[in-house]
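J.: Sequence:
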Amino acid sequence: MKGWQGIKRQRPAFWLMILWMLAGLVFFSPFGQVDAAEEGTPLQPLIDQVEAGGTLILEAGSYIGPATISRPIHIKTEGTVKITGDGVHPVITLQADDSSITGLQIYDEMDDREKAAILVEGSRNRLEKLQIITRASGIQLREAHSNVLEGLTVQRPQETNPVRLSRRGNGIDLWGSNDNLIIGNLVSHMHDGIYVENSQSNRVENNRVDRSRYGYHFMFTKDSYLVDNEGQYNVTGAMIMSSDQTEVTGNTFSEQSENVNSQGLLLFDVNTTVVRSNRVEGNRIGFYIEQAKDSQLTDNWIARNFIGIEMLSSEGNELSGNHLISNVNQAQAADSADNSVNGNYWDDFKGIDLQGDGYSDLTYRTNPFFVTLTQSASAYQLFFGSPGMVFLEGMFPADPEQSLADEAPLMKPVMESAGQGALNGYTLAICAFLFVCSTLFIYLWGVRRQ
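Those letters in the sequence shown? Residues 1 to 450, per the UniProt record's numbering, in order.
Note that these hints are calculated values from the structure, not bench results. Fair warning: this is a prediction, and the values are worked out from it, not measured in the lab. Treat the hints with care, as some may be off.
Listed next, the in silico DSSO-like pairs over lysine-lysine satisfying Cα-Cα at most 27 Å (straight line) [claimed, not checked]:
| # | residue 1 | residue 2 |
| --- | --- | --- |
| 1 | K412 | K350 |
| 2 | K82 | K115 |
| 3 | K115 | K76 |
| 4 | K129 | K82 |
| 5 | K222 | K115 |
| 6 | K115 | K129 |
| 7 | K222 | K293 |
| 8 | K350 | K293 |
Generate the whole structure from the sequences, applying the supplied hints.
T.: This is the structure:
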């Protein structure tokens with residue numbers, strides 16, 4: 001009786017506990033689970049009802065894939081539209097040309113990095129403002145040409161135990177696909193953010209990739225453009241490999257430093273590539289260049305990297321107008337004597353300008369002594385910049401085959417060449433405005449006190 005009376009006294013809490021137990025049986029037992037794929041409207045019948053060239057407007061709600069688009073149509077939304085796949089096939093397969101898909105939220109349960117939430121096999125299509133959460137790849141273009149991918153978000157779902165990078169799919173993946181525009185997209189926590197292989201004349205512009213393996217990865221491409229993108233916290237910001245006539249301009253690759261193979265920009269086996277006005281900052285290696293020929297590295301900002309530039313087995317390249325600031329080791333090279341290195345700014349160099357033209361009459365020659373020493377004994381990194389280390393570097397002059405020699409280094413930094421001119425102009429104007437306002441305030445305040 002005493003036990004029952006105790007329960008009666010605690011009756012609200014007792015019945016609340018019973019309700020929670022019953023809810024647990026319903027929602028967490030195998031018989032009470034609700035499959036997301038069982039909720040919502042099948043998408044394929046709705047697509048099949050649309051005539052070629054017509055528009056399907058999806059009302060807010062949940063829909064079920066997979067679905068295939070085999071004739072030109074346009075899909076738009078009214079409100080939030082969520083489409084869930086079956087975990088086996090792409091949520092949407094776009095086989096048609098001249099179609100558009102806008103505003104969908106795609107939830108893909110596949111766990112196969114070789115497959116994608118959206119597969120595009122047609123040309124001249126537009127995919128815009130899509131949100132894709134997937135454990136596979138996000139979007140694959142297969143022999144699909146002249147498409148536009150704009151304003152997309154591709155990422156893996158949040159995971160308690162994240163899988164290795166090698167098991168993840170790519171965010172946006174192109175193979176055998178030419179003349180596509182990939183602009184203004186965000187990719188996070190994938191294998192390679194934007195991957196382009198065996199493709200020509202694609203433009204990748206104003207995207208952001210973070211926490212992936214390679215942010216941007218071009219392989220066996222030609223006439224490609226990587227412009228005004230960002231890469232941060234990846235293993236490597238961008239990799240251009242076995243490609244010709246690539247233009248890499250205006251990008252920012254920062255904080256690729258947590259892996260022994262981390263680089264801001266990696267160029268391997270490239271020809272006639274233009275690397276201009278990029279910012280590589282806070283990486284293990286800023287620019288890693290191997291087997292590059294007849295390429296240009298000009299007007300780049302290379303700062304706070306462990307190694308600013310590392311060049312191997314490369315010839316016929318031009319390095320000019322670059323700014324190397326606060327790198328542990330500015331540059332090192334091997335088997336790369338036949339390159340033109342002129343007019344760069346090295347912040348650890350004190351030159352002499354007898355002509356008054358802004359360029360030193362003394363040659364700046366890099367010395368790989370410190371990096372070579374610390375590779376065999378990493379503890380020596382503690383002595384970077386110490387008088388003893390500077391003395392030892394002087395005792396071991398650099399081998400011409402192991403160094404880069406700037407015949408006419410800049411005496412002072414030229415901020416415009418590092419893409420900072422406009423910013424400095426605005427900053428100067430703001431500072432002047434604030435100075436005038438503060439002076440006026442101090443004056444008026446003083447007059448009022450008197």
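J.: Any of the earlier hints contradicted here, and which numbers?
T.: As far as the earlier hints go, only 8 is violated by this structure.
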